[in-house]
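There are 2 protein chains.
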Amino acid sequence: MWLYRRGRLLLLLALSVLALDIYFHLWPKLLLRISRDCECPGPPLREAVVSLATGASVAPTSTVPGPPKLQKLFAHPLYQPQDPHTPVPQNLLLNYHRATGSYKKRVVHFNRKRQALHTSQNSSAPLTEAVFNLSAPWLQFHLEISRDALYPRSSRTVERLIDWMGNVTVISADLSPDEKALNGECDCSQVVKPSGTHLKVILQFLDFGKAMLKPMRQRREAETPEDFFYFVDYQRHNAEIAAFHLDRILDFRRVPPVAGRLVNLTSEILEVTPNEDLEWVFFVSPANNTCFFAKCPYTCKTEYAVCGNPHLLEGSLSAYLPSLSHAPRLSVPNPWIRSYTFAGKEEWEVNPSYCDQVKQTEPYTNMKRLLNMMDLAMFDFLIGNMDRHHYEVFTKFGDDGFLLHHDNARGFGRHSHDEITILAPVYQCCLVKEDTWLRLKLLSTPEYRLSDVMRESLSQDRLQTVLTEPHLLALDRRLQTVLQVVEECVQKHGNGSVIIKESRSQAVPTRVQQRAV
Amino acid sequence: MWLYRRGRLLLLLALSVLALDIYFHLWPKLLLRISRDCECPGPPLREAVVSLATGASVAPTSTVPGPPKLQKLFAHPLYQPQDPHTPVPQNLLLNYHRATGSYKKRVVHFNRKRQALHTSQNSSAPLTEAVFNLSAPWLQFHLEISRDALYPRSSRTVERLIDWMGNVTVISADLSPDEKALNGECDCSQVVKPSGTHLKVILQFLDFGKAMLKPMRQRREAETPEDFFYFVDYQRHNAEIAAFHLDRILDFRRVPPVAGRLVNLTSEILEVTPNEDLEWVFFVSPANNTCFFAKCPYTCKTEYAVCGNPHLLEGSLSAYLPSLSHAPRLSVPNPWIRSYTFAGKEEWEVNPSYCDQVKQTEPYTNMKRLLNMMDLAMFDFLIGNMDRHHYEVFTKFGDDGFLLHHDNARGFGRHSHDEITILAPVYQCCLVKEDTWLRLKLLSTPEYRLSDVMRESLSQDRLQTVLTEPHLLALDRRLQTVLQVVEECVQKHGNGSVIIKESRSQAVPTRVQQRAV
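Respectively, the protein sequence lines represent chains A and B. Reminder that position 226 of the first sequence reads as 240 in my numbering, one-by-one numbering, no gaps. Reminder that position 38 of the second sequence reads as 52 in my numbering, one-by-one numbering, no gaps.
No lab work stands behind these hints: they were computed from the structure. Treat each hint with caution, since some may be false.
Chain B side only, calculated, beta carbon under 8 Å to chain A, not exhaustive [said to hold, decoys possible]:
| # | residue |
| --- | --- |
| 1 | Val298 |
| 2 | Cys305 |
| 3 | Phe307 |
| 4 | Ser511 |
Simulated coverage check for chain A against chain B, where a stretch passes if three residues somewhere in it have a Cβ under 8 Å from a Cβ of chain B [as the list claims (entries may be wrong)]:
| # | segment |
| --- | --- |
| 5 | 235-245 |
| 6 | 300-306 |
All C-beta atoms in this analysis are idealised placements derived from N, C-alpha and C, irrespective of residue type, glycine included.
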């Protein structure tokens with residue numbers, strides 16, 4: 015009898031383990047296999063809750079729909095995948111099982127908590143439950159992040175993700191961790207913390223994906239006043255969108271996808287936030303529009319608020335990266351950081367041989383990292399972003415990993431001004447990746463003119479017009495400047511020591527060694 | 015011998031008393047007599063240090079120079095002094111001896127303190143000393159304030175004062191008491207305290223006069239966004255200037271004279287301020303312009319700063335009123351105050367019979383005060399100022415005294431909108447002073463059209479253009495609305511109970527008594 019009882023218990027235990035394994039492990043794997051193997055195109059993903067059978071389909075890049083020049087650009091040999099096969103798991107950022115298992119657990123936990131709250135409040139309002147969806151574009155995006163870039167050239171996930179962010183139902187909204195950390199206490203003596211910066215909201219979607227919303231603050235025709243410091247400039251939602259498109263056109267693929275969307279401030283933020291602090295900053299303006307402002311004391315006033323018309327407001331939605339617990343990231347100070355004081359100067363501003371120091375400092379002894387810094391500088395120069403005080407890398411990929419080019423809302427402030435000092439890393443180190451160099455030259459030809467492909471690319475966003483013409487034309491002008499700076503380097507140091515063919519974990523030659531070459 | 019010694023001492027004492035009396039009492043009196051009796055016009059006052067002999071001259075209004083319509087308006091019988099003789103001393107705000115004596119003492123004290131500081135610092139820079147000048151326009155202005163108004167119709171002091179404020183040498187600059195009181199601590203929960211309000215500086219001049227500088231913050235073509243609450247709107251320097259001119263044209267004479275001036279932020283504020291807090295908020299912008307910002311935490315950031323080009327910035331200078339120790343003032347909450355919260359309503363907004371309550375409350379049982387409130391409401395409606403939460407009166411004149419119409423920088427925000435609720439006192443009480451009524455009707459005729467006389471009057475300011483055309487034309491439109499509101503009252507209650515001939519300390523009849531009449 016005792017044995018029988020123990021046997022029953024053991025059997026129950028074994029069955030439970032099996033059930034859990036099937037639920038969290040085998041079933042998700044099966045679903046992914048189905049969704050990956052499926053070749054049928056399926057309807058465009060207008061809602062997040064898609065039938066798993068008609069889910070994501072991966073089409074080769076050559077069939078990417080789009081306007082003529084952009085399509086031609088992405089079909090160019092320079093934009094063809096070098097390795098079209100699926101990357102080996104160790105080159106991917108996430109462990110598939112851990113990521114999907116955690117997703118499932120979080121959805122179950124979220125719904126249980128929400129249900130309990132709903133019951134305790136005796137609410138009669140219909141309860142929208144979060145949906146576990148293995149073909150959710152955000153999950154596909156996370157699963158495809160690799161050692162090379164945030165998304166593969168060949169993947170259609172980006173288009174799906176952008177489409178999804180523009181449509182999917184918002185089930186919750188919250189303040190960003192930045193704003194929570196401030197907790198209403200801003201230090202006036204700290205010049206770095208700019209006011210008005212923190213007007214951003216995290217949106218959580220029906221399928222549990224997340225995006226960072228930056229609402230429109232400035233008319234797209236407005237230029238940043240010339241008296242503004244770069245660290246107090248407004249954050250521009252359209253700059254976020256445009257920077258993503260530029261990064262993709264340059265084939266860096268280091269900006270998480272960004273989509274424009276008309277957000278309903280009332281139903282998609284105010285009515286769905288569980289955060290009282292966020293609720294508190296909402297008000298109805300004298301013109302009867304729904305508005306909200308940042309909570310920090312020095313920006314808590316309504317004149318710095320943003321308002322819907324009466325509810326809808328443009329914003330940029332940046333796809334969230336995998337959580338730090340799954341994919342830790344390292345925040346690294348930019349060696350070419352600017353002084354965040356009124357009159358201070360950093361060493362790179364006064365020492366033309368500054369790059370020699372950088373080259374001898376970890377992690378810039380690794381040529382790959384140094385070349386990545388050059389890419390970043392050129393990218394920032396093109397968008398006119400002077401506020402790159404830090405950059406991030408995924409810890410997993412070490413010094414070889416690509417740099418994340420996110421947080422670009424301070425770009426595209428002034429089309430009439432080219433801030434040449436943003437190129438300091440390039441003209442001080444005289445280095446550029448060969449691939450980058452070839453692509454930049456390609457984009458300067460009339461056939462693939464940067465402003466034209468950007469205009470075409472941006473036309474795919476829901477918000478029109480993302481960038482005004484003067485900003486687009488400034489890109490061509492700035493591209494010429496980049497090419498000129500590199501050519502001057504080549505004239506000075508020779509092609510071989512300036513234009514570098516990339517290989518993994520290459521040591522950086524000093525300028526003396528470079529000269530010897 | 016002892017007697018002789020005592021006699022010598024007594025003699026010395028008597029001589030000292032006599033000297034002091036001559037210095038502080040007789041001599042100033044003599045100077046004023048000279049300056050008052052002098053009929054010669056004298057050169058325009060370009061510098062504050064004027065020869066006492068060629069000082070202020072008082073010319074009759076009919077000779078006021080100015081453009082045709084304005085000159086004709088001021089020559090109209092409605093604008094003629096009823097009592098052209100010098101007012102009796104008890105009707106003047108200040109005691110002549112006390113005011114001039116205190117002025118002299120303060121100059122001596124200031125120069126002594128400054129000299130000591132200069133010596134202790136071993137400074138080689140030339141020291142500008144404050145000058146005691148009995149014909150200083152600011153002093154004349156103070157001495158002419160009477161029970162009737164801030165300045166007599168017949169006085170030319172206003173022109174001299176405006177000319178003086180536009181030219182006189184600045185010897186010191188300081189934060190306003192408002193900003194000092196805040197001391198960097200702003201309460202975020204307090205919606206009333208708007209950010210950006212406190213960007214104002216007190217300038218002290220060579221002859222010890224003072225003015226409040228409000229720097230230009232907003233282009234004069236910009237309209238206040240419709241989502242702004244009245245209590246967070248910018249303060250506009252041009253609104254201060256225009257409000258003074260309008261007040262004079264309406265013959266209220268309750269706004270202290272305001273002049274436009276290009277202020278050198280570096281030499282006229284930064285270099286002459288002894289206040290380190292004020293010094294701290296100065297910086298040089300990326301475009302190499304001198305800028306400063308308000309110190310309060312929520313506006314301490316440079317994006318809310320104002321900048322010179324590179325040093326000069328437009329501003330309004332409002333003449334200072336006599337100090338509170340000589341002429342105490344009472345700050346009275348406006349019975350038609352607005353709610354300074356996002357959604358609150360005040361009683362007057364929901365109760366159409368609200369005026370009956372007001373009429374039974376001190377000091378509005380005095381008809382003079384109530385009629386003054388009507389003047390204020392009409393003035394605020396014309397300039398579009400919704401932010402009149404308090405008004406001030408000189409304690410000396412009691413309930414009969416006129417109301418000060420100062421602090422008008424939130425007027426002229428939106429030319430395209432007429433805020434009818436500002437007229438609530440008028441349409442709820444159905445009262446208007448006969449004099450005001452006649453002048454408003456005069457200003458609605460083509461011959462004296464309000465926008466035309468305003469345009470002419472504003473053309474006399476150094477800053478051009480003070481108000482844009484749409485703002486000037488809005489004045490005509492709003493004037494029509496005022497006339498219409500009053501005429502509706504007359505139709506309802508009869509001429510006699512709406513248009514009131516003013517007499518001193520009249521009791522207010524209730525609406526029932528009014529009906530009986």
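Each hint tested on the structure:
no.: 1; hint: Val298; result: holds (7 Å)
no.: 2; hint: Cys305; result: holds (6 Å)
no.: 3; hint: Phe307; result: violated (10 Å)
no.: 4; hint: Ser511; result: violated (34 Å)
no.: 5; hint: 235-245; result: holds (count 5)
no.: 6; hint: 300-306; result: holds (count 4)
Of the hints listed earlier, those the structure fails to meet are numbers 3 and 4, in rising order.
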